[in-house]
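**Student:** One letter stands for each residue in the lines below.
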Amino acid sequence: MIYREAGQFRTTYASDQAIFPIPQDRWFVVFAAVAAFVIPPLAANEYWLQAVLIPFLIYSLAAIGLNLLTGYAGQLSLGTGGFMAVGAYAAFKLTTALPQLNIVVVFLLSGLIAAGVGLVFGIPSLRIKGFYLAVATLAAQFFLLWLFNKVPWFVNYASSGTITAPNRSVLGVIVTGPNATASVRYVTALALVVVGALVAKNLVRGRVGRSWMAIRDRDIAAEIIGVRPLRTKLLAFGISSFYCGVAGAELVFLYFGSAETLAFDITLSFLVLFMVIIGGLGSILGSFLGAAFIVLVPIFLTNAPQAMGLSLPVALQKQFELMVFGGLIIFFLIVEPHGLARLWQITKEKLRLWPFPH
Amino acid sequence: MTELLYGIAVAPFKDMAGSPAFFAEVLIGGVFAGLMYSLVALGFVLIFKASGVFNFAQGAMVLFAALTLVGLIERGVPVALALVLTTAVMVALAWVIERVVLRPLVNQEHIILFMATIGLTFFLEGFGEMVWGANVKKLDIGIPDRSFIVAGIQINQLELSAAVTSAVLVAVLAVFFQRTRIGRALRAVADDHEAALSIGIPLKTIWMIVWSVAGIVAIVAGIMWGAKSGVQFSLSLIALKSLPVLILGGFTSVPGAIVGGLIIGVGEKMGEVYWGPLVGGAIENWFAYVLALAFLLFRPQGLFGEKIIERV
Chain A
39 MIYREAGQFR TTYASDQAIF PIPQDRWFVV FAAVAAFVIP PLAANEYWLQ
89 AVLIPFLIYS LAAIGLNLLT GYAGQLSLGT GGFMAVGAYA AFKLTTALPQ
139 LNIVVVFLLS GLIAAGVGLV FGIPSLRIKG FYLAVATLAA QFFLLWLFNK
189 VPWFVNYASS GTITAPNRSV LGVIVTGPNA TASVRYVTAL ALVVVGALVA
239 KNLVRGRVGR SWMAIRDRDI AAEIIGVRPL RTKLLAFGIS SFYCGVAGAE
289 LVFLYFGSAE TLAFDITLSF LVLFMVIIGG LGSILGSFLG AAFIVLVPIF
339 LTNAPQAMGL SLPVALQKQF ELMVFGGLII FFLIVEPHGL ARLWQITKEK
389 LRLWPFPH
Chain B
602 MTELLYGIAV APFKDMAGSP AFFAEVLIGG VFAGLMYSLV ALGFVLIFKA
652 SGVFNFAQGA MVLFAALTLV GLIERGVPVA LALVLTTAVM VALAWVIERV
702 VLRPLVNQEH IILFMATIGL TFFLEGFGEM VWGANVKKLD IGIPDRSFIV
752 AGIQINQLEL SAAVTSAVLV AVLAVFFQRT RIGRALRAVA DDHEAALSIG
802 IPLKTIWMIV WSVAGIVAIV AGIMWGAKSG VQFSLSLIAL KSLPVLILGG
852 FTSVPGAIVG GLIIGVGEKM GEVYWGPLVG GAIENWFAYV LALAFLLFRP
902 QGLFGEKIIE RV
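Chains as they are written, first to last, in our numbering: chain A, 39 to 396; chain B, 602 to 913.
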């Protein structure tokens, strides 16, 4: 690194326990956040905002949610897609029933509804764990999607069976719906992600996060030292589902514009799980890195053959993508099972000693 | 409310008693469907028992095996030779998986290995379709998809042969596991990796054998499912349908896979026919999961799974 922590002495507990103890780190994060708000809306074109940055932010939020549950609390879940669908359908129902309600409030409320559903499907986690639990969460995935498909009330009796984002504005600027510009949607998603990440980072540093990690590492030992498994596990399911629910609502309102249940099927659950694992279990930064990886790799794979002057038939291209994607996942797991966040950490350690490795 | 209660608790049983022949047909249909699930679940159990890997790629292996077999037959290879070749391909695949995926990941957490098998699923799906083409293929193994009637009950010939095949396969596997030298080594590895290693059982060879056996089970499952619904991409999704079978029967039990399959198959068919109309039908997708979930609340290790004993 160009800066080192040598000579930076901390004299109070508060400064020692700060979220970024090194001032340079703190300024870098603030600077990066400000830059993220200012530069892309001015510089990036429609394609980059719509196809790369907006999905990246939304998936990051979902990945943070799943990371809280799987990475920190150690409860493997394959129901992410189902919980995201709850958020999306709740947001649609809320905003069509109460059009004057601020859309950001709608997102948060639908997150709360998703949290409630998450609590219900978290109950089995008290008796079962590991892969048994993972399979049990699949019940949530299939049941919820079936419910949204079967009950026409959820789509306001639309014959097409899709939910569509209506035009809604915040402070006079149209944020969602067909008339919203990509920059506005980008800034909205970014604001939600920044707040979400900050809250998550503080959650996992505090009492809640520690009790989650205690449950993850040795649940019986945690119980003995006074962590209540029931409350802790359910809290993890609730908060994780809140994040997933907000991300699901954003997915429809800020990214797709309209969607049916197919958008939330099991593939989405696996995709978010990939982000968490490739990014790094138990790391907020990892959630962002994993989301960036999963969003960028397919775009890269689609464009790479053309850039090299090859033109493959569409079907072959798709199969090739699938193959390379699977191969890359295995490759990354072998190279660094603890994810990109760990790679970043190693790089930092190396750079700290550079250019004198010993 | 009373109408709903009547619909749940009384009417279905009245229907069952009203036409016993139809009831028997539903029951037998469920048993056959359940055995087909068991075939896939068996592959999971074999690998989980011996290596602790939750092999999500079992469905993709079924698809890959079926694609290879059909592809060879389409290119004019005789059926018997094609079968031998497919078996060889699956054994080779097991070797490659052990070499490339499992060995570098040994001693990693279970979830990492699980993710690796999902990566493997993507790879196999892409690779299989790239080599053999993506269109739906018909797999004709000479058993007609016809029904005959015994004592007023329709029985599908194809489903019957599938049931017999799975029964034979299970018997063979049981003998293999209980009576042969390799089988004993497999059980030792399943019990305790380190202890097995210390008495000289070659872990790597054993894993390769297990994955090969799972591959061969995948061929059988691929033939049966392929003959029933054509060889197509959706075959890899049947892995998802066999998961509730697994949790019901327990991840580590071969008989559990069979009994679990039967319960899920029968439960699913019964639910769909007698209770499905109450909620608008198409409950097959989640019914098995909810059944398994409710069951897990009372018996977390499944019907025949090893009892989970936890120590600090």
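Just so you know, these hints were derived from the structure itself, not from any lab. Where a beta carbon is used, it is the ideal one built from N, C-alpha and C, also for glycine. Fair warning: there could be bad hints in the mix.
Quick list of the computed label-pair ranges, beta carbon to beta carbon [claimed, not checked]: (1) B:Leu606 / A:Asp303: 32 to 38 Å; (2) B:Val697 / A:Pro204: 50 to 56 Å; (3) A:Leu164 / B:Gly801: 40 to 46 Å; (4) B:Leu606 / A:Ala135: 44 to 50 Å; (5) A:Ser197 / B:Val680: 45 to 51 Å; (6) A:Ala89 / B:Ser835: 50 to 56 Å.
**Student:** If I claimed the Cβ atoms of leucine 606 of chain B and aspartate 303 of chain A lie 32 to 38 Å apart, would that claim hold in this structure?
**Tutor:** holds, 34 Å
**Student:** Is it true that the C-beta distance of serine 197 of chain A to valine 680 of chain B lies inside 45 to 51 Å, as the hint says?
**Tutor:** holds, 48 Å
**Student:** If you check the beta carbons of leucine 606 of chain B and alanine 135 of chain A, does the distance land in 44 to 50 Å?
**Tutor:** violated, 31 Å
**Student:** Measuring from beta carbon to beta carbon, are valine 697 of chain B and proline 204 of chain A in 50 to 56 Å?
**Tutor:** With Cβ atoms ~52 Å apart, the hint holds.
**Student:** 40 to 46 Å was suggested as the range; check whether the CB atoms of leucine 164 of chain A and glycine 801 of chain B agree with it.
**Tutor:** holds, 42 Å
**Student:** Is 50 to 56 Å a correct range for the gap between the Cβ atoms of alanine 89 of chain A and serine 835 of chain B?
**Tutor:** violated, 29 Å
Comparing the model with each earlier hint shows violations of hints 4, 6; every other hint is respected.
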